[in-house]
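Q: Residue numbers (the working numbering), protein chains in the order written: chain A, 1 to 261; chain B, 1001 to 1283.
Hint data in this document are derived by calculation from the structure and do not stem from the laboratory. Glycine included, C-beta positions come from ideal geometry on N, C-alpha and C. Mixed in with the good hints, there may be bad ones.
As the list claims (entries may be wrong) - With a Cα cut of at most 16 Å, we get these calculated EDC-like pairs of lysine to aspartate or glutamate: (1) LYS1174(B) / GLU132(A); (2) LYS103(A) / GLU81(A); (3) LYS1174(B) / ASP65(A); (4) LYS250(A) / ASP224(A); (5) LYS103(A) / GLU1165(B); (6) LYS148(A) / GLU197(A); (7) LYS103(A) / ASP189(A); (8) LYS148(A) / GLU132(A); (9) LYS1174(B) / GLU1244(B).
Unchecked claim - Estimated spans, in silico, between C-beta atoms of each pair: (10) PHE1096(B) / GLU231(A): 50 to 60 Å; (11) TRP23(A) / VAL1100(B): 44 to 54 Å; (12) ASP65(A) / ALA1020(B): 45 to 55 Å.
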Amino acid sequence: MVEGQQYEDPGRPKVEAESVDFWYGPTQALFDVSMSVPARRVTALIGPSGCGKSTFLRTLNRMNDVIEGTRLAGRILIDGEDVYRAGTNVVALRKRVGMVFQKSNPFPKTIFENVAYGPRIHGTRNRAELIEIVEQSLIRAALWEEVKDRLDASAMGLSGGQQQRLCIARALAVDPEIILMDEPASALDPRSTARIEDLIDQLRVDYTIIIVTHNMQQAARVSDFTAFFFEGRLIEFGPTKQLFTTPTVKQTEDYITGRFG
Amino acid sequence: MGRPWVDATIAWLMRITTYAIVAVVAYIIFDIVVGGLPAISWEFVFGFPRRSGAEGGILPAIVGTLCLVLGTIAVALPLGMATAIYLSEYARRGRFTGMVRSAIVTLAGVPSIVFGLFGLGLFVLFLDMGASILAGSLTLACMVLPTIIVASEEAIQAVPQSLREGSLALGATKWETIRTNVLPYSIPGMLTGSILGIGRAAGETAPILLTVAAFYLPRLPRSVFDQVMALPYHLYVLATQHPEAEAVRPMQYGTALVLLLLVLGLSLAAILLRGRLRRKYRW
């Protein structure tokens, strides 16, 4: 984060959680989580393993729906609309809320097909249009220069860092408003991690980014706001700088100073 | 405590058992090839039988078995694949799917003659198809369904969950995800397992005995409602029912060889197909 950077009033929050409880079968994983995520900012979710930060992230695009026996109470609002309201179009929701996973998961298809996959399923058939989307997405994901001569090669031949940037390009190709990142750099070497962090820094201008990370330095480097989760509860949420320098809750302080976790 | 000779002995025992199995297979194939090769001729493969199969060829039996194999594939493959897709992608884990799964396992353990009787009762008599290619194919299909379902489910479950999530997260529907990111990668495995199962069914006698196979019918089928001769049953007839069983020994060997080649051919096709499709999709 740039020192002394000033925030204008972010206006209406992009994502609001209101008293969210969440269960995996009989096990409750989230307790009364309420928070407002500002638009076009990077918000980091931190906390020890099993604290519920990934679970919370996956409630935002309803990715937890694919796990049997899960249940949510409370409300998740995106632009003021409850995404768990009956009759919500989950497909349309996931088009607006993209996701990048911890372990890069490119499809075993060509680089081009990976990026074109989203636009295709959303109805873009025109070849020239697809080529344009693929190029723009790869440029935004800072991968274009490395792959422009081998778009028809298999994505499986890319390095780990490249695969993860390809997954980001794939998410960008459907033109989302929000991008969820679940520890996107945890499996990468420091150089690739740095590239992903640079990329996040560029994307913050246009997208609302919510990133789960184990790495507190990373949270401090890339995020504008930080939420600290512990045992399924949101303990503290605020501007990153403030949370890391003057945490108001003892547990937050213990965690960020490395006393546990 | 490490006692090297124990280890060495065990390794040798394992090795000998393995060799013994290979030896048995090699002997069976050798015996059939040596006995059958002299009987193989143009007339034998492409001719019609004469004098109750003591002379002439076995074309009607070859065509009959091919018809049954194709019929079985046509019925069992779509049904089995659809069931596997439903079970592994759509069905919730619960009492009902548990029951379906145990039904499938039980079905796999049913003796083939029981399938034959079932086919006779349901398809031949109750549904009034008569002894026909249709009834025989349906009966064989029932028999290979468990193999196809289990093989297909395994192939589907081998596709990493992360690919499904990647697709869903881009806003793909469940079916789009299955169609574009599950089936393409699992079809090689589905086909291989299925074809191997159908190859086994092609050599079965009991299920076709009561539903389709003709004792002696020296002509080609005209429709799916025709009876046909079939290789395994023809072999059985020549070996045990023929008045001159000793004299027709070369015909028996020849028939066995053709049946063996047909089944091995199917397996080989399955393996080649898998290799080809696997090279295309890898993760």
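Q: Now tell me, hint by hint, if it's right for this structure.
A: Each hint tested on the structure:
With a CA separation close to 27 Å, the supplied pair LYS1174(B) and GLU132(A) exceeds the 16 Å bound. Simply put, LYS103(A) and GLU81(A) have alpha-carbon atoms about 30 Å apart, too far for the 16 Å limit, and the pair is violated. Restraint check for LYS1174(B) and ASP65(A): satisfied, since their Cα atoms lie roughly 12 Å apart, inside the 16 Å limit. With a C-alpha separation of about 21 Å, the suggested pairing of LYS250(A) with ASP224(A) is violated against the 16 Å cut-off.
Distance check on the hinted pair: LYS103(A) and GLU1165(B) sit about 11 Å apart at the alpha-carbon level, within 16 Å; holds. About 22 Å separates the Cα atoms of LYS148(A) and GLU197(A), which puts this hinted pair outside 16 Å; it is violated. Simply put, LYS103(A) and ASP189(A) have alpha-carbon atoms about 13 Å apart, close enough for the 16 Å limit, and the pair holds. For the suggested pair LYS148(A) and GLU132(A), the alpha carbons sit about 12 Å apart, so the restraint of at most 16 Å is met.
For the suggested pair LYS1174(B) and GLU1244(B), the alpha carbons sit about 62 Å apart, so the restraint of at most 16 Å is broken. Checked against the given bound of 50 to 60 Å, the beta carbons of PHE1096(B) and GLU231(A), roughly 36 Å apart, lie outside it. In this structure the hint that TRP23(A) and VAL1100(B) lie 44 to 54 Å apart at CB is violated, the actual value being about 27 Å. For ASP65(A) and ALA1020(B), the Cβ-Cβ distance of about 54 Å falls inside the hinted range of 45 to 55 Å, so the restraint holds.
In summary, the numbered hints that this structure violates are 1, 2, 4, 6, 9, 10 and 11.
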